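Going down the list, the protein sequences come from chains A and B.
Using UniProt numbering, the first residue of the first sequence is number 1, and each one after it goes up by one.
Using UniProt numbering, the first residue of the second sequence is number 1, and each one after it goes up by one.
No lab work stands behind these hints, which were simulated from the structure alone.
A portion of the hints provided could be inaccurate.
[Stated by the list, open to error] Computed Cβ-Cβ distance ranges for the label pairs, DEER-style:
(1) A/L350 - B/D216: 21 to 27 Å
(2) A/T333 - B/Q123: 28 to 34 Å
(3) A/S270 - B/G117: 54 to 60 Å
(4) B/K121 - A/T305: 56 to 62 Å
(5) B/A84 - A/T333: 25 to 31 Å
[Claimed, not checked] 27 Å max Cα-Cα, derived DSSO-like pairs, lysine-lysine:
(6) A/K46 - B/K205
(7) B/K205 - B/K247
(8) A/K46 - B/K121
(9) B/K215 - B/K247
(10) A/K169 - A/K159
(11) A/K298 - A/K338
(12) B/K215 - B/K226
(13) B/K215 - A/K291
(14) B/K48 - B/K205
[Unchecked claim] Some chain B residues close to chain A (C-beta under 8 Å, calculated; not the full set):
(15) S68
(16) T99
(17) V149
(18) D183
(19) I188
(20) L209
(21) H218
(22) H240
(23) N241
(24) I246
(25) K247
Keep in mind that this is a model prediction, so the values were computed, not measured.
The C-beta atom is built at its ideal place from N, Cα and C for all residues, glycine as well.
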Amino acid sequence: MAATTKPRTSSFSRNLSSAHSSQTPGLKHGPNGTTFISSGIPDLDKILCGGFPLGSLVLVMEDAEAPHHMLLLRNFMSQGLVHNQPLLYASPSRDPRGFLGTLPSPGTSKDSKSRDSSAEQEKGLRIAWQYKKYFGESQESVNAIDGKYEFCNDFDLRKPFDRHFFSGKHVECVSILDSSSLSTTLDRCATFLSQVPRFGIQEDFITWMSHDNSRNDGNISSAGRIAIQSLCAPQCDHSNMEWEMLSFLRSLKSMLRSSNAVAVVTFSPSLLLPSFSKRWQHMADTLLSVKAIPDEDKELANLLTGYQDMVGLLNIHKVAQINTQVPRILEATTFSIKLQKRRFLVLECLNQAPVDGSTGSSYGSTGSCSGSSKTGSLDF
Amino acid sequence: MSRMTSNLLDEAIGIDDSTNLSPLVGRLLLVEDCVETSGAFVLHHLLKRAFSSPHSSNAVIFVAFSQSFVHYDRVLRKLGCNLAAQRDSHRFFFLDMLTVGCSDRSGKETDEGVLVGLYCKIQRAVSALIQENKRHVTILIDDIPLLEVAANGSSNHVLDFLHYCHTLTSEIGCSIIALSHEDVYLDIERPLILQMEYLAEILIKVGPLATGIAKDVHGQLTVLNKPVGGLQENLRNRVHNFQFYIKENGTEFFYSGSRA
């Protein structure tokens, strides 16, 4: 990395968001000296203006009755695996490692589905002579074809990762079911984060920036991902220890701040007292919530276009403000979660369905009643 | 050093008056925000004010639970204030409770012990500052709910701590600026927030815009300035309502609808 990407020590910092991405796969420079990693959902990265900044705590509020938060978690974890980033996964199940079998593998949503099948045969003909070296012994990553990793991949929710894919990866799994699990998990997080190359103090940051390639050795790239599922699940022994959970979050956040990793924690706010739920939300750097939509909601179906394709709604409550005091004003805060070709997760702005004049009385009547707004201007 | 132009917030708090050397002395200023709108920018603004006033007798003790020094340093630099330099010149004491409070969890310190230790640090810093002829010391706490987490939920200990700090304001003439979250305390019977609001002479409430998301307004502010010494003429202008737009190098305050 040359001196061009070095952060300035003066108070004026160049906006690096447009600059080329760093050489480390899966990392992207953002404004204010932050570095982004991808959420695993291209649309979400766009909405959040880059992704999740390193050192931030992302909280996802679950829908108590639907597993939509798992979609976010899976893509987040899969993206980490694609970029060879160390991963720590904690869940309230007895066997958290089983969850890895459900992680989606990267695919391409642009091309039609024929690509997956034809790529296998054509590879030998078209690209083998030139690009053979980029295929390792495993051929799992389609995105590696052009020799470099993309920042964010599309993930095919119907195609799980192969078992052997996990062999060379740094993946840890922790169960948070037991009584002492919070402190154990925290210790696991601490050791996990200590293995990820860290940056902390400003002076170190610059040296880290210029030396990160040298530190980026072996299998460990320089960003870690922690995914914790349903932290306050009622089957966990700690679920009634509100202050311990808050203290856990606080410690996790403080550890994250001094390391380059991102933690995504999902929780169900309905299982917490309202005041504690608010405390959790205040703790978050980035706060999202997911909601399922009811199958046969006639009112909503009339109101929104593309209601049939939606699987849920995503709300963005907070966007991380690291090293800045300016909050981001988003175009919209509610997005619909859709499955493109039943495989790829996409987020779309909610669009109100146009109501035609014959059936819908609302649109026509407001147009004539509040004449000052539209028809009034035409009179002049 | 040229004086900064004062804005609506300064006027509402009463720190725009250059004839009054220390308008906040002995007072407690409470900032309340909510999940939707962070009130941290008010702290940044007041922190900058504390250092940019021409009186070099100002000093700040910053009790930081929510962010690291790097964050505050970067934010304040963009506001035109170098915290590291201020720290070197002994005008800025940074108590990093984000990392320190968590790393010694193996030490089995009691809930009370954390706060007692913190208060001792503050008191030591204050007396050291007074000896260095820094007459006006401001204690900034960011933020109260995290202080509660550090005390493991014992709000009595937090209240004790705040009362101790409050004693400093009357004894030595410190001022306290604290950030709290309004929505955390909305639905429960908790003495903490009520006592805080009672103690506070100036209450600043930060919230999202009542009319919904806007492109060029970040939220609205209500400043409640309790009259000092029961002066009746002050009663009239006690409550100020205005809106704000946060930028990297400062915050714009304006009355609703008055922005061009």
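Unmet hints by their number, sorted upward, for this structure: Violated hints: 2, 3, 5, 6, 8, 12, 20, 22, 23; rest satisfied.
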